[in-house]
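A.B. asks: Below, each chain spelled out in residue letters.
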Amino acid sequence: MSEQWALLTKVFSGLEVDTLRATLEEEGIPALVRGFGVGMFGGGFQGPINDGAEILVPESALERARNLIPELDE
Amino acid sequence: MRLARQDLRLAVRSFTRHRSFTAVAVLSLGLAIALNATMYSVIDALVNPQIDMQAPERLYRLIIWGDYKGKVDNATRASMLRTGMGLYEGLASSSGGGFNTIGVEHGRRYAQVARSVVSPNLFAVLGVHAMAGRLFSDADFVGGAQPVVISDRLAGTLFPDDESPVGVPISIDGTKHVVLGVLGRGANFPGDHVDVWTLPPPTTQLSAIPSNVVRLRKGIAKADAERALSVLSARMAMLSGESPKDVRIQLKPSVEGQFHYVRFHYALIGAVVAVLLIACANLANLQLARGIGRSRELALRAALGASRRDIVVQLLVESAVLAGVGLALGLLLTFWGTHVLESRIPPSVAEYVIAPQTSWRVLVFAMIACVVCVILVGLLPAIHVSRVDPNVLLKAGAGTGANKKNRRQYGVMVVAEIGLSLALLSAAAIVVRTAFQVRQVHVGYDLAPLTDTWVYRPALKDTVVRHVALANEVLSTVRALPNVAEAALYRFRSVVRNAVTVIDDAGASIEIPAPAVGYRIVTPSYFKTFGLPIVKGRDFLDGVPAEPEVIVDKATARALWPNSNPVGARIKLGDFSSTVPWARVVGVVGASERPDGVVGPALTRTPDIRAIYYLPVASDSTRTAARNFVYQVVTRAKSDPQRMPVEMLASIRQLHPDAYVSSHSMEESLGILRRRQSHDFVASTFMVFAALAVSLAALGIYGIVAHSVAERTRELGVRIALGASARDVVGVILREGNAVALAGVAVGLYLTKNTVAWLHAFSVEGDEYDAPLFAAMALALFLVAVLSALIPALRATRIDPVESLRSE
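Those sequence lines, one after another, are chains U and E. According to the working numbering, the first sequence is numbered sequentially starting from 1. According to the working numbering, the second sequence is numbered sequentially starting from 1.
What the hints contain is simulated information worked out from the structure, not anything from laboratory work. Remember, it's a predicted structure, so these values are computed and weren't measured experimentally. Be careful, since some hints might not be right.
Cβ-to-Cβ under 8 angstroms is the rule here; a few derived chain U residues that face chain E [claimed, not checked]:
id : residue
1  : Thr19
2  : Glu27
3  : Ala31
From the derived model, a few chain U residues whose C-beta atoms are all more than 10 angstroms from chain E [what the hints assert, rightly or not]:
id : residue
4  : Gln4
5  : Trp5
6  : Val11
7  : Ile29
8  : Pro30
9  : Leu32
10 : Glu59
Taking CB as the label site, the calculated pair distances span [what the hints assert, rightly or not]:
id : chain 1 : residue 1 : chain 2 : residue 2 : range
11 : U       : Arg34     : E       : His129    : 36 to 42 angstroms
12 : E       : Gly144    : U       : Arg34     : 19 to 25 angstroms
13 : U       : Arg66     : E       : Trp360    : 52 to 58 angstroms
14 : E       : Val617    : U       : Arg66     : 22 to 28 angstroms
For every residue, glycine included, the Cβ atom is placed at its ideal position computed from N, Cα and C.
I would like the entire structure built from these sequences, with the hints used as guidance.
C.D. replies: Right, dumping it as C-alpha cells:
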C-alpha cells in the first residue's frame, strides 16, 4: 500500500470527522485528519470546525474512498 | 537513640510553646504538599492510566486494510480469522463508539452517550470485571432480553443518589433494557468515550461476525503474529482479486500510551512546585529567624558542651517533626482535594486534566515533597545557625539590634517568594481575564431556545437526494412537534476546487481563492430560526426559487464586492471552470451564526470570506455514498428547550429509523459551553494557586518584618528616644522591606515573561503577553508586600524606649 497521502475531502464538524474516519476504516482504508486542532475543546468535541478539517487517505485508495463520500452534482 | 528522643521531646516542647508559629508552619506545608500531590495524581492518571484489563499488553485490535469488502463476505472472513487460533487465545468483536450516539433515560435523568455493540465474549477476552452486577455471557445473547452494561460515569449521571443500577430497566432510544452490570473507567473499551455496551440483535449469527479484538497467546510477539497473519491477508487478497501487497492485517495495541506533555502541563507543574517552594522559603525564613532569635538558647547549649552537630540535629529534628505533621495534614487534604477536583473537571479539558487517581505513587511523591521540605526548611537554616560563634551570639544581645547580614539572608528568600508569587499571579490574571472574555462573548442572537440536531443517514451508494424534497420531508415532521416554533435544515459543503467566482463591476468573472471556505445549503426558514437580521436586500422567501439564491454575511460582502452593492450580484461557489450553477445574491445578513473567535476551534482561515448561505433550486441534488449522508436541523423551542434534544432524537429516528442522530442545545453544539467550562476550570485552578502563593508570600513578609522589628527593638527604642517620629520609624522599616519587594517584583516579571507562554492554549488568540496586566499585578503584589510590612512597622512606633532599653 502506498504511503503517499492524498486529500479526500474537507468536513466541517468533529462528528463528520469521526463518522468519515470510521466509515473509511471499516472499508479497509486508513485515514488521517489534518487541521482539526482540538485544543481546548477536548478529544471528544463533535461540534463545528469553522475552517474545516481535511481527511487524507493513501493515494492508492483515493478512488475507492471517493466513492464513499458524497459529492455535489455539478 | 536517647539523644534523638531528647531532641524529639525538645522539638515538641518548643512547638507547643510557639503555637502560632507551629500552626502557620504546618498549615503552609500541608497545603503546599496537598496541592503538589493532588496535581501529581492528575498527571499520574494521564501518564499511567488505570487499566483494569488482564495482561493488556497482549490485547490488540485487528484491522484489515485493503479493498476486500464486498469481495470476501463476513462469514468467510470470520472463519479465516478463526484459523489463526494458534496465535491467539481469544477472539472477540466490538463495533461503534464515537459517533454511534444513543439517548438514555432513567426517570427524569437523560444522557446522550456513545454505544458499542460487542460480542458476548468480549469482556472475557479483555479480562475485565464488573464494578457492580456482572458482564455478558452467551446466555444473555440467546436469552433475547437484550440487557446492557453501562459505564460508572453513566451510572453516576442516571443514578446520582448511589442507587444501584443493576437490574433496573433504563430506556435506550425509547426501548427498555435492563442494566446487567457496571464497568469502571479502567475497563472501558474501545476507548473512554463509550458508556453503553449492547449485544448484537439475537437474530445475528455470531460466527459470521469477523472478529476485531484479539488476545495473543503468552510468548507470542506482535511482530511474529503479524508475520503469521500475513498468510491470511495474502489469502484474502487472492479471494478479493487484489495484489497481496494491497491487503494487510495490522495488530494495533488496544491500550496505547498516548500521553504527551504539552506546555499547559508544564504550567500546572510549575505552578504547584512554585507554591511548594514559596511554602519552603517561607518556613525556612521563619526557622532562620526563629533560630537566630533563639541564638542565646543555642549559644547556651553550645557553651554547655553541645557540639555543632548536636545543634544541627536538634534543629533538623524540629523541622522533621514539622514536616511530618505537615505531611499528615497534606495527605488528608490531598484525599479531599482529589475528590473536589474530580467533581469539577469538565470533559473539555480531558486532553490536559483528567480525574485524578490515587496510587502508591502519590504517597511516594508526597513523601519526596516532604523530604525536600525538610532539607530546604530544616537543613540549610540549621547549618547556618550552627556556624555562629557562641561568644558572638551571647554578646549580640548587648548590642543595639540584629545585624544586617542576617536580614539580607531573609531578604533573598523573600525575593524568591515574591518572584514566584508574581509569576503565579500573572498566570492567574491571564486565565481569569480570558474566562471573563469568553463569558462576555455574544453571538448576536439568543442561543437559549435553539437546538442543533445532526443526522447521519445510511443511504445506498449513488442514491440521488434532492435537497428540497428532503427538507420538506424532515421539516414537516419536525414542525409537527408541539414545542417547535420554527425549524430549518442545513448542510455544509466545500466550495469546488477551493475557489469562488464572482462578476466584478466591469462584468468580468474573477476567481477568488477560498481554500478554507465552506458554505451552507439552507432552507428559507434558516435566518428566522436563528433570529439573525437581514441588513440589506431580503431574506430567502418561502418556497423554491427559480434560480439558486445566496445570502452572505457583511464581512464576505465587503471582501467580494468592496465597491458595489452585493445584492443582485452573481456568484459561483467553485472555481471559474467548475460547472456549479451561478447563484444570485439576494441579501446580506448582519452576522454569521458562528462569529469569529466565539465558536469552534480557531484555525487558519481565508481572510474575510466568512459565511455564505445557499438556497437550492428544485433540481439541486447530492449523490450519496454508503453510510455518509449528513444533514442538520436547527429548531427554535416555544418553551422548555432542555427537553428539545430528546424530542428531536425521537422524531428523527421515527423518520429515519436507521440514522445516527445526535442532538444538543446550540450552546453545546457550537462548543461555547465547553469553552466556557474549560476556561472557568483553568481560571479557578490558577486562582487557587495564586491565592495560596500570595497569602504565603504575604505571611512570609509579615513574619520577617515582624521578626526584624523584634530584633531591632533596642535600636528603634534608641531612635525614638533620640526624637525619631512615628513616620521616621515606619520609614526605616519599610525602606528595607520595599527594597526586597521591588527586587522580588523584578524577578517575578522575568519569570512571568519566560513562563506565561505555557498558558497559550488557554489565552485568546495568543495574547498571553499583556504588559499592562502584568504591571498591574506587580503593583498589586507590591502593595500586598507593603501592607504586610506595615503592620509590624506600625507596631514598632509604639515601642516604649525606656522599656526597650531596660528589657535586656
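A.B. asks: Please go over all the hints and tell whether each is borne out by the structure.
C.D. replies: Verification of the supplied hints:
no.	hint	verdict
1	Thr19	holds (5 angstroms)
2	Glu27	holds (5 angstroms)
3	Ala31	violated (11 angstroms)
4	Gln4	holds (14 angstroms)
5	Trp5	holds (14 angstroms)
6	Val11	violated (7 angstroms)
7	Ile29	violated (7 angstroms)
8	Pro30	violated (6 angstroms)
9	Leu32	holds (13 angstroms)
10	Glu59	holds (12 angstroms)
11	Arg34(U) with His129(E): 36 to 42 angstroms	holds (40 angstroms)
12	Gly144(E) with Arg34(U): 19 to 25 angstroms	violated (46 angstroms)
13	Arg66(U) with Trp360(E): 52 to 58 angstroms	holds (53 angstroms)
14	Val617(E) with Arg66(U): 22 to 28 angstroms	holds (26 angstroms)
When the structure is compared with the earlier hints, violations turn up for hints 3, 6, 7, 8, 12 and for no others.
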